[in-house]
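Asker: Sequence:
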Amino acid sequence: MTSTPTPANDPSARRRWIFVLAAGVIVGGGVALAVALSQGGSGSAPPPEGAGGADVVPLVEPQETFSIRVRWPGATAEEVDALVATPMAASLGGFEDIDDLEIVSRDGEAVAIATLARTVRSPEVAKIREGAARRVATRLPAEAEIIAFRGDLTAPPDHLVVLTSDALPPSALGLLAGGPVRARVEVLAGVTDVAALGVPAQEVLVSLDPARLNGLGLDVGAVVTAVRRPREVPGGAREGVDRGGLADLRAVVVGAGADGAPIRLSDVATISVGPTPGSGALRLDGRAVAGLAVHGDEKLTTDAIAAAVAPELPPSVALGWRAGTATAGHPAGLHVSLRLPAGSTEEGVVGALEQVEAAAARVPGKRSVLDWTQGPGAATLLVRGDWADRAAVEGAVEALRAALAEIPGILVRVAPLDARGFSPEPAPLVVTLSGEGAAALGQAADAVAEAIGGVVGVRSVWSSQADRAQQTAQIDRARAAELGVPVGAVQQTMNLAEIGLVVAELRDGATTLPVRVVVPGEARGGLTVAGADGARVPLASLVKTTVKQGPDRLERRKRSLSVTLAVDVGGRPLAEVRAEVERRLRDVALPAGVTARVAGAPR
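In our numbering, the protein residues as written are 1253 to 1855.
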């Protein structure tokens, strides 16, 4: 994916890309924040050499937008697209007030971004949004959760503030950022959404022991039901555990022994508190830090956020990084998107980050680096430096690209930061592919990326999708029926084995933590389900598991799937590069039903 000699130039490599600040599903206070290519503000750097009028989209009055987020834990991006995004597109397609609709599907969630007609005014947005959410809700899976927001939740945040401390441990810094500091920002006028970064979400982990369950004749479904059972509290019944903390949870009765004695949760599980899987880490110059990403209207400034935060900061904590519409401005910088091949581990991403940071340290003028990790496959770095003008920034981009070319096994994109200081400048060329069938569209995107990647003047080609390993499981329904095993029980046990189930909340004073029931990987081979006459049937005898490659994200424009290729250009007039890109695109044999078009990115 880059013109330097890395695996990205290997035609067999998957040429897909997504850059994210903190990817994943919002679970138990964890934060997901996707960042897409965006339009630069009034302080954006000038277009690259050779950019002509034909490649520049004139700015127009902004239109009102709203987002609808649907969470469906445990579902893959493809399942979310089929059973959530497609019904959402059908539900919202009939709204006359919606001018444009984009839906992004990831593992466990979908976000629809509706752009309203220019005739719609601000006071009307809430009514349209709530009506759209009600219509969508009628066509969703029963276990899905829907939330509506004003604005585009997939767009870059408008402001970013980072807390640093030499005295507080990362855990305490995270509690400060995710608690009182966040609360201060949420009540500011003009704030629409606040996401905590680098604050690992905490949850209660109930790790079941299949051997103990089998020995006592208990089914995992009985445990889930017992923990989820509503409890009487002041104000009425409430699902989950509400008082007594971990001690109360350990004492939950999940069954009865042969002698009638109660079997408690602690008899069949280990219970602990720890970080939610996939919580992204945030580091500043190698140190763990915490921060807030804020969406807001045009009246909100970074200075106002900093002023609101200041009273909550002890003397040992400082604002170590800030970006957005701040009157104080921010230094010039670079944006680096990092992706590892499908199947990479989270430890692998951290190791790659360290190599990238070492490469950045060799760039003249580099001052500091802020980075995010997003699970096992991706990371984002912001590099600030003492670069006085556009030429110096471009020189730093080329120097970092050259340094990164020496690192094997990574896919990277390097671009100047936009005017707000945390998103990359838009690529000067964009190729959009549309059609149906995720596999065909992905193959077409790969073919187009390979074809245009060799054009002189094309520095890199990045896709809005990235491949990652997907584990799929198929239930042998005939075998389950033969043995008298309900398919629902098999599905529930499979979910426990794969990602666990959040079945309740533990409330202890002011603290609320989700309770996730899981089966540790090393113990999953012993899982059983109840068959006819109470016989225990091994789960493995009812399920066939396979691992395949699949997209980590799917996008829909209107009702069609789409993939966007961002094409970075340099060292050659843009008009010449675009002409050759269009010529090569015509030579690519696209699958039936797939179309492609080239456009200049908006500035």
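Treat the hints with care, since some could be wrong.
[Said to hold, decoys possible] Keeping only pairs whose Cα atoms sit at most 20 angstroms apart, straight-line, the calculated EDC-like set for lysine to aspartate or glutamate is:
| hint | residue 1 | residue 2 |
| --- | --- | --- |
| 1 | LYS1810 | ASP1351 |
| 2 | LYS1379 | ASP1549 |
| 3 | LYS1379 | ASP1445 |
| 4 | LYS1379 | ASP1349 |
| 5 | LYS1379 | GLU1688 |
| 6 | LYS1810 | ASP1445 |
| 7 | LYS1551 | GLU1395 |
| 8 | LYS1810 | GLU1331 |
[As the list claims (entries may be wrong)] Across the chosen pairs, the derived CB separations fall in these ranges:
| hint | residue 1 | residue 2 | range |
| --- | --- | --- | --- |
| 9 | GLY1383 | GLY1689 | 53 to 63 angstroms |
| 10 | VAL1708 | THR1371 | 43 to 53 angstroms |
| 11 | GLU1438 | VAL1708 | 16 to 26 angstroms |
Calculated directly from the structure, the hints in this document are not laboratory data. Just so it is clear, CB atoms sit at the ideal spot from N, CA and C, and this is done for glycine as well.
Asker: Measure nothing beyond the straight line between the CA atoms of LYS1810 and ASP1445; if it is 20 angstroms or shorter, mark the hint as holding.
Answerer: Not satisfied, since the Cα-Cα distance of roughly 25 angstroms exceeds 20 angstroms.
Asker: Given the hint that LYS1379 pairs with GLU1688, does the C-alpha gap stay at or below 20 angstroms?
Answerer: violated (32 angstroms)
Asker: Straight-line Cα separation of LYS1379 and ASP1549 no greater than 20 angstroms?
Answerer: holds (19 angstroms)
Asker: Has the given pair, LYS1810 with GLU1331, been kept, meaning a C-alpha gap of at most 20 angstroms?
Answerer: holds (18 angstroms)
Asker: Taking 53 to 63 angstroms as the stated bounds, is the beta-carbon spacing between GLY1383 and GLY1689 within them?
Answerer: violated (32 angstroms)
Asker: Within 20 angstroms, alpha carbon to alpha carbon, are LYS1810 and ASP1351?
Answerer: holds (10 angstroms)
Asker: 16 to 26 angstroms was suggested as the range; check whether the CB atoms of GLU1438 and VAL1708 agree with it.
Answerer: violated (50 angstroms)
Asker: Holds or violated: 43 to 53 angstroms for the Cβ distance of VAL1708 and THR1371?
Answerer: holds (46 angstroms)
Asker: Just to be careful, I want the Cα atoms of LYS1379 and ASP1445 compared with a cutoff of 20 angstroms; is the pair within it?
Answerer: holds (19 angstroms)
Asker: Run the distance test for LYS1379 versus ASP1349: straight-line Cα separation, threshold 20 angstroms.
Answerer: holds (11 angstroms)
Asker: With a cut-off of 20 angstroms on the C-alpha distance, tell me whether LYS1551 and GLU1395 pass.
Answerer: violated (38 angstroms)
The earlier numbered hints that this structure contradicts are 5, 6, 7, 9, 11.
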